[in-house]
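Fit chain H to the given chain V structure using the hints.
Protein chains: 2
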Amino acid sequence: MSPLARFSVNQMTVKQLSLPELVEGCLELGIPGVGLWREPVNVYGLDATAALVGAAGLAVTTLCRGGFLTAVDPLDRKRALDDNRAAVDEAAALGTDTLVLVSGGLPSGSKDLHGARERVADALGELGPYAASRGVRLAIEPLHPMYAADRCVVSTLAQALDLAERFPADQVGVTVDTYHLWWDDTAPAQIARAGAGGRIHAFQLADWTTPLPEGVLNGRGPLGDGSIDFRAWRAHVEAAGYAGPIEVELFNDALWARDGREVLAETTARFLEHAG
Amino acid sequence: MSPLARFSVNQMTVKQLSLPELVEGCLELGIPGVGLWREPVNVYGLDATAALVGAAGLAVTTLCRGGFLTAVDPLDRKRALDDNRAAVDEAAALGTDTLVLVSGGLPSGSKDLHGARERVADALGELGPYAASRGVRLAIEPLHPMYAADRCVVSTLAQALDLAERFPADQVGVTVDTYHLWWDDTAPAQIARAGAGGRIHAFQLADWTTPLPEGVLNGRGPLGDGSIDFRAWRAHVEAAGYAGPIEVELFNDALWARDGREVLAETTARFLEHAG
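Those protein sequences? They're chains V and H, same order as listed. The first sequence begins at 188 in the working numbering and counts up one residue at a time. The second sequence begins at 188 in the working numbering and counts up one residue at a time.
Chain V extracted, bound-state conformation (with noise of 0.2 Å):
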């Protein structure tokens, strides 16, 4: 087997690329998969990503993403419902499998981080048969917990599975994303308890590094500049029976700076030395 064989990159490592770019430069370096975004999906056209990544033989490993649930207004929860269901159908349309969650964060004046992970458990209830009708699953991904106010109130692996459990696995899982767990000595364990229950969705790498930019969305750092064992991680989700792709996704403004196709062939090199 090839050692891309089981890599993707996400297309926000590489968002300075276009669609067309991002596949031609895909097909040249053998990366079999790409995880995609719903907002450039959408600008370049659902149909047309569809066709394009198709006719490469390009596998959509996930669609980014879903979520948002948290919102108490009735017409405010409306929206994400319907927003949700669309992106559902987007990642059919796709042909991934994997729709990834974020659930949102505390809405405006709210400390009730309880009463928000439960309106995100409603949600799953509503959104999970949809999905599994149309062969997608939800995959909740818990953030950092320093995005628990302002993005995700679920945190840890531990509060995702507590979610995902209340309902069948091929309907919701989680997404596993060592930029978000790395610190945590329970993730391996909850790691096993997702892959017991068939719930590892999607594993997704990025590393750890310092200091964190204003606003902590862009600093997530290329595979061996900072602080994560992936090898470790692989071997983790892989003792749990995952056998999947594994995606590189990073947010990074000094990465989106450079040259998108030099910044693909670098990521594709750094995955080989540090998770291959």
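No wet-lab data here; the hints were simulated from the structure. A virtual CB, placed ideally from N, CA and C, is assigned to each residue, including glycine. Mixed in with the good hints, there may be bad ones.
Claimed, not checked - Listed next, the stretches of chain H that the computed footprint assigns to chain V, with coverage defined by at least 3 CB atoms under 8 Å from CB atoms of chain V: (1) 237 to 250; (2) 263 to 271; (3) 293 to 302; (4) 326 to 335.
As the list claims (entries may be wrong) - No more than 25 Å apart at the CA atoms, straight line, and that leaves these computed lysine to any residue pairs for SDA-like: (5) LYS298(V) / ASN229(H); (6) LYS298(H) / LYS298(V); (7) LYS298(H) / ALA345(H); (8) LYS265(H) / ALA242(H); (9) LYS298(H) / THR373(V); (10) LYS298(H) / PRO375(V).
Stated by the list, open to error - Here are a few chain H residues that face chain V, going by a calculated C-beta distance under 7 Å: (11) TRP395; (12) THR397; (13) PRO398; (14) LEU399; (15) GLU401.
Positioned in the frame of chain V, the structure of chain H alone reads:
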């Protein structure tokens, strides 16, 4: 009992004030306790600080801080242990029974969080008896997971208690700080565990506000500005049997740029409004 009877202001909250200004401000506002930091205390003079604070009748609720115990290099390690013994001596001289410990981050180039935590445990084994012999308890402070690489490999209250419980409670306990723990749904149960073992040695408050500043050090919010329900956390520690001081410790560039007396008064008012 005065509603301020358990209130303590950490010196860092108003670091623009000199020690005499801080003491005078506390007397004027009826603040009965202060948490002190080693660096400004040593600039003013250890004996002079003890005399100043003692004459004013202020309690020194904690000394911040010892720790940084993760070095691998033997000479660095010896220096850290010597420095921590000095910190214990300073705590005793100031009349406080609690030295707050920040564990330290990963050594340069290391990706081994577990090993670093074990070196912290080894160091506690050396420092605990020394501290207890001088009437000082070590209070391991779990810092938010966003500091795991560069500042503190102990990220959760569970991890801190796993370390502390290897030693007698009069040697090693924990610091519960809302800023670091607020996102963690397992923290209330861990507070109960800490309280049952007599290991809640300090309780500190700061609010979680976003966006986080670059470097994520100096954005701790005034009580009421952020996402944390302080009365709920106070109820957790009190249900666990904690009846000690409640320190407000803010690291905040915007507060430091203002008049320190005004910030001190406002911090007192916020304590009464949100945690009193």
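These are the hints, each one checked on the structure:
no., hint, result
1, 237 to 250, "violated (count 0)"
2, 263 to 271, "violated (count 0)"
3, 293 to 302, "holds (count 6)"
4, 326 to 335, "holds (count 4)"
5, LYS298(V) / ASN229(H), "violated, 39 Å"
6, LYS298(H) / LYS298(V), "violated, 34 Å"
7, LYS298(H) / ALA345(H), "holds, 21 Å"
8, LYS265(H) / ALA242(H), "violated, 36 Å"
9, LYS298(H) / THR373(V), "holds, 16 Å"
10, LYS298(H) / PRO375(V), "holds, 16 Å"
11, TRP395, "holds, 6 Å"
12, THR397, "holds, 5 Å"
13, PRO398, "holds, 4 Å"
14, LEU399, "holds, 5 Å"
15, GLU401, "holds, 4 Å"
Hint violations for this structure: numbers 1, 2, 5, 6, 8, all remaining hints satisfied.
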